[in-house]
Structure formats: C-alpha cells, structure tokens
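Use the sequences and the hints to build the structure in full.
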Amino acid sequence: MKFARLTTVLAAFTLAVSTLPVGGAAAVTNPCRLPEGVLHSTALAARSAVACGAVGRLIDAGDGVALTVPQPGDSVTMDLLYPSGARTYSLTTDEQGRVSTGSAPAKHEPDNQFPDLAGQPGACDRDTYALRDYKWHSPWLFRTTWGTKLATNRQSDFDAAVRRSLANMTQGRNTCGMRGRNGASGALLGHTARQGNFVYVDGATTCGDRDHHSVIDEGDLPGGSFEATLAWTCTWSETRHGRTRAVEADIRMNSADYNWTYDPVNDPKCKPELPPDKDRWRYDVESVLTHEMGHVYGLVNLSADEDLNLTMYPGVRRCTGHMRTLGRGDVLGMQALYGLR
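Read in order, the letters of the sequence shown correspond to residues -26 to -1, 1 to 315 in mature numbering (1 follows the signal peptide of the UniProt record, and there is no 0).
Incorrect hints may appear among the rest.
Computed list of lysine to aspartate or glutamate pairs in EDC-like fashion (alpha-carbon distance at most 16 angstroms, straight line) [what the hints assert, rightly or not]:
hint, residue 1, residue 2
1, LYS109, GLU212
2, LYS123, ASP194
3, LYS123, GLU212
In case anyone wonders, no lab produced these hints; they're calculated from the structure.
Next up, the structure:
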C-alpha cells in the first residue's frame, strides 16, 4: 500500500515537472518577451494576445491613450466629449487573439469661439449618420451612483434627466415631424454604490476591464478648466459567431471642471459670454447625456460643418438644450440600427 502511494506521488511530480516551460516562471507570464509598461500595438503584431500573456495589459490605442487588452472576441470603445470636439479610441481582440486599435478625432473648434449656427442647415435638413459595428440585442440596463447630483443637491433631478435622455434616443424625440420611435430599449434600474468602470493607471484615466455592471456617475476627468472633457463613455461589446453586440456601458459626467444646469434657457446663472467665465459657462445635463447615449447605442460622432445642429455633432453649445431633440440624421441612424417601431 505504501509502495502504491509513493508511486502515485512520484508520477504526479514527474508530470508536473514535464509540463513546466523552458525558461521558468518568467516564460509562463511573458512568453513573447513583451516590454514592461504600456504596450505599443506593434509589440504584438500578428501574435495572439493570449499566447503572449497580454490580455489585461495596457496598450496604446492612439495619441498615448491606453486601453486594456480584452478577452478574445471582446472590444472596448472609449468616447471623449469636449466642449468643442471629441475623440474616440477603440481596442479589439478578435477570436484568434489578435489585437487591433483605432482612434478618430471629431471636429474641434477653437476654444475661444462658439459653434456658429448662422448659415448652417437645420437639424431637420441633414440625414447624416454614422454607425458602430455593435448594437444592443437586449435592453441596456444601468444604475446611477449614489450621490450623483450635478447642478442641484437632488439626485432625483439627475435621475429625471437620465430618463429623459434615454427616451430621447429610444423614442427618437424630434421636432422634424418624423416618426422617431425605434427598436432600442433600456432602463434606469435605480442606484448603486459602485462607481463607473473608469480606472486610473500609469498616470492616466481609462476604461477598466468588463465588470458586468453599467453605471452613470459624476467625477473628475483629465484636464483643467476649459480644457477637460465634459463626459466620457466606455462601451464594451463582444463578437460571437460573427454577431457583435454591446454588453456594458458606463458614462461619467465631469463635475470637477464644469458647471451644469437642468434648465439652460431659464437658469439666471447661465450666460454663454466671452471672455470665459467658469461660473457662467453651464452645460445642459440632458443634452450631453443624450449625445453620450447615442454612443452607447452605436452612433458615431459627426464632423462636417453642415451637421452642426445634429445631436451627434460634438459641438456642445453652452446654456442651450439644442442636443435634447434629435435631428433627422440622428433619428435615421437609430432606426438603421434598431429598426422602426
């Protein structure tokens, strides 16, 4: 009996030793000898992120902006909205483990100018839209973080603006006389103690790994007054058997660098005047949320001057609610993704 037990132990030990890779533990964790820190996309080339142990590592998605390498078949898209422009960064790991990155700027006006409506087509005159490769195949269900208030001391005001913004996109609210309703759906489920999945690593803020929660919150975003982003959106998607679907999305509103309002037309503190006055430059919560939810559902930023009045154009005019109602192109884009309902 003792001999049998000894034989079993020796066999297990021999098997364990035989499966160790040449080069020891370092070869297991970094078999492709990738450099430390944030990776450049060329570091992986056509190699598998799984085989190289790069899943979960940070990789430069463009302009020095780092994103976390997702699992095979998964993608993450990060949208940054500035007062007068936007940028988008994406990172995809295909089902073979190969990583691809992408970045795209949107129109950026000089910071000391207001987007000018004069001579530009109205929101109902343009049918422009651009689509992501993902959409939701089930309702987007999310929560707001406890203490997210913006502008007032009442979270109920923020939650009400969130619900209106969601309806703007899913019901296609517009002043163009169009039947705007589409097949997209979603719901605010209540509150959570969780923060949005935005992480601070290597001196920068970025989207974290999927955490199976969708959250809208407020917080600090990179940059100072008049230079920082107004809002960030991170959307996670997955591709299975050739079909890509969104599975999670978080939005963060910048409460540290900008002032906000729920009623830009009647807010006595809201005056879009020059020179810049941080206390008077207020942005409409509902307008910005509606634009960001456009990204969640799969709409891309527009950049042509002629599209200035559409919701998905990232020129956020101060002290107006112009992005609350969708333009013709915004409505058509949602219907192209989700069908007419």
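Cross-check of the supplied hints:
no.	hint	result
1	LYS109 with GLU212	holds (10 angstroms)
2	LYS123 with ASP194	holds (14 angstroms)
3	LYS123 with GLU212	violated (32 angstroms)
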